[in-house]
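Spelled out, the chains give:
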Amino acid sequence: MTLGNIENRERFLSNIRDKIGGLSADKPVQKPNWSTQPQYRVLKDQNQDQLIKVLKDQCKHIHTDFYHTDEQHLDETLNEIFEEYGVRSIVYTCDSRFQDHKVDTSLKQSGLDTWEWDDNEKEASIQFSEKADVGITFSDITLAESGTVVLFNGQGKGRSVSLLPQNYIAIIPKSTIVKRMTQATEKIHKQVENGEDISSCINFITGPSNSADIEMNLIVGVHGPIRAAYVVVDDI
Amino acid sequence: MPMQIGEKEFKQRVTKGLDDNFMRGAVRSAQGRLQNNRASAADELGDWEDWRTLGKEIRQHTIEHLDYYLHQLSEKVAELGGNVFFAETAEEANEYVKNVVKSKNAKKIAKSKSMVTEEISMNEALEELGCDVVETDLGEYILQMDDHDPPSHIVAPALHKNKEQIRDVFRDKLGYEKTEKPEELALFAREKLREEFLSAEVGITGCNFAVAESGSFALVTNEGNARMVTTLPETQITVMGMERIVPGWEELDIVVSLLTRAAVGQKLTSYITALTGPKQSEEGDGPEEFHLVIVDNGRSKILGTEFQEALHCIRCAACINVCPVYRHVGGHAYGSIYPGPIGAVLSPLLSDYDEYKDLPYASSLCGACTEVCPVKIPLHEQLIAHRRNIIEEDKKGSLAEKVAMKGFGQMAGSANLYQMATKMAPILSTPFSSKNQIRKGLGPLKHWTESRDFPKPANESFRSWFKQRNKRGVQHDVRKH
Ligand code: SF4
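Chains as they are written, first to last, in the working numbering: chain A, 1 to 236; chain B, 1001 to 1481.
These are computed hints drawn from the structure, not numbers from a lab. It cannot be assumed that every hint is accurate.
[Claimed, not checked] These stretches of chain B come out as covered by chain A in the derived footprint (C-beta under 8 Å, 3 or more residues):
hint, segment
1, 1147 to 1160
2, 1212 to 1225
[What the hints assert, rightly or not] The calculated DSSO-like cross-link candidates involving lysine-lysine, where the alpha carbons are at most 27 Å apart (straight line), are:
hint, chain 1, residue 1, chain 2, residue 2
3, B, K1301, A, K31
4, B, K1376, A, K31
5, A, K187, B, K1301
6, A, K174, A, K102
7, B, K1178, A, K131
8, A, K19, A, K187
9, B, K1108, B, K1098
10, B, K1056, A, K131
11, A, K19, B, K1056
Idealized CB from N, CA, C, for every residue including glycine.
Hey, can you work out the whole structure from these sequences and the hints?
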């Protein structure tokens, strides 16, 4: 990869250094030991089933429909949601988990108009997503406390899928559920520490898009999806 | 002064705010609601004080080593193929952005809400190039459609407008034909803005927090417009105030958790989007090209001074939502894009005392702001420090001279504003500023009455007092002629 340019840095930083008496920039700074770490106390000692309960309760506050099913009944549950949302067209990410759990076959057999995100067909994929009734992705990490699905977008997993369609469905493997953001950022921090590339776009999605910009009334569904559903799946 | 909004002098802006009944009602209910949300979100955590302590420690450490973390950030961004420009002034930042836009031959630019681009008047600079700059945050879009009406609240910029006014703006400017129902208005804006997102060549975002260790940027939103801006256009430009940075992802967790709770009482907002570099070559959507502009524009003047902590601010607006003075006068009265207590601290620092000498007096020093600030900035103490400095400069004659040269012999205004502030403290004992806090705030005020011979405020209501005060001001002017 070609390196980007950095302009004007030395003058800018030496001005700051003069003011705060900083060391030279190449001397690594050690983070102090913080005097308190309340983030680790949140939902401490809750097991996976208890966390599902927390997630379910939180969904009520974030205008999100909650479903709990197992792998065998996943397609049934999805069809139920399609019916409820009046879905005719579906876009989903190119993610091996759709094949592993046979979601893609059932989508293709559903008789609905489906599109698997295709990086090589960027324009067509965006066009389809823009008109689609629903976008479906798997959750990579799920935060019980806030009711958040974390998506590591990247190859095959277009940013548009969870953004442009009218509705959004997140399939949440039970094993992806953690307590809160702390566990997700810890994992990302480890990746950085190990010199791994992190996803160019990590989305923390908490329910449908909304705004309170008109007289402080909550309006659900502004630029992104208008409705959202989470489907927690046991055994996967 | 680019960050300045409105032409009128402080007292006129205040009067205008007091006369606007809808605005005052809206401010009051918004303040109440946001304040309640914040309080219950804080309560729910149980150990909010510990969170605040950690937030403060993180901000303090980061600002004390700002040179190191900015260096690390820029290295990471460049490694990922992004370009970094360090801009000392607003002009430098705008020049750079203009050059990028020119090189892309871009005609349409979609922006997501950003205080710093507002501060440096980036839209105006880009419009000079003949570009169409579209604000995509619903509140900002409404203001932009209404001939660039300035924002009045950091989190809810169009707070001063009611839905009928918004309907009329949409009807007059965009041919909207439906009712004033918020859902219909929002749906209309959604459709209009979709077209803009899909046709924009360049997307511009602000930055809630940069993450030094990985060269990432976190955008905290509810509407999804920041995601649009970073998904569809080919080129992305992110503009950040140089202090908006944390060391790593673990710290990002804390500041984001504090921000969303303190700002809107949510555990997390609908979208926290963390972007790292341009898109990878094998990816479909996302920007091909990424530029980061890091802006100083007066911030480094604050480093190493008694006001350094003002740079810890995470722009949650909690201090604004509890402020009794903001409640009465509204955002526009501050004449700065940064209103409320943090605006009163920050505006004179980023600009100067000549421009904003009134603001440190637009406070009753009740201390409610300090009490809610999620990163424990001692806001009311900083306001007192400002007052001390203003009086010092006044004594030396340096300030009065400059003011006189500008043609408004208004220095007496400070005394009157002082009076206004002291007067407000007792009347405004709101549910969230208990008697205790006010007394705490009045302590230091007493000191000022002793050192300067201020008249004791008469026992009038704030409104009638303010009218009186204005009359006195007028007489004063008449005498001068
Ligand atoms: S000063 Fe504190 S309370 Fe006010 S906006 Fe900044 S962080 Fe929030």
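Cross-check of the supplied hints:
Coverage of the segment 1147 to 1160 of chain B by chain A holds in this model, with 4 residues showing a Cβ closer than 8 Å to a Cβ of that chain against a need of three. Judged by the Cβ-Cβ criterion of 8 Å, the segment 1212 to 1225 of chain B is covered by chain A as claimed, because 7 of its residues qualify and three suffice. Simply put, K1301(B) and K31(A) have alpha-carbon atoms about 25 Å apart, close enough for the 27 Å limit, and the pair holds. Between K1376(B) and K31(A) the alpha-carbon distance is near 20 Å, which keeps this suggested pair within the 27 Å criterion.
Between K187(A) and K1301(B) the CA atoms are separated by roughly 37 Å; this puts the pair beyond 27 Å, and the hint is violated. A hinted pair counts as satisfied when its Cα atoms are at most 27 Å apart, and K174(A) with K102(A) qualifies at roughly 17 Å. Annotation: proposed proximity of K1178(B) to K131(A) holds, straight-line Cα distance about 23 Å (limit 27 Å). Taking the CA atoms of K19(A) and K187(A), the gap is near 35 Å; set against the 27 Å cutoff, the hint is violated.
Distance hint between K1108(B) and K1098(B) is fulfilled; the C-alpha atoms sit about 13 Å from each other, no more than 27 Å. For the hint linking K1056(B) to K131(A), the alpha-carbon distance of about 45 Å lies beyond 27 Å, and the restraint is violated. Taking the CA atoms of K19(A) and K1056(B), the gap is about 20 Å. The hint holds against a cut of 27 Å.
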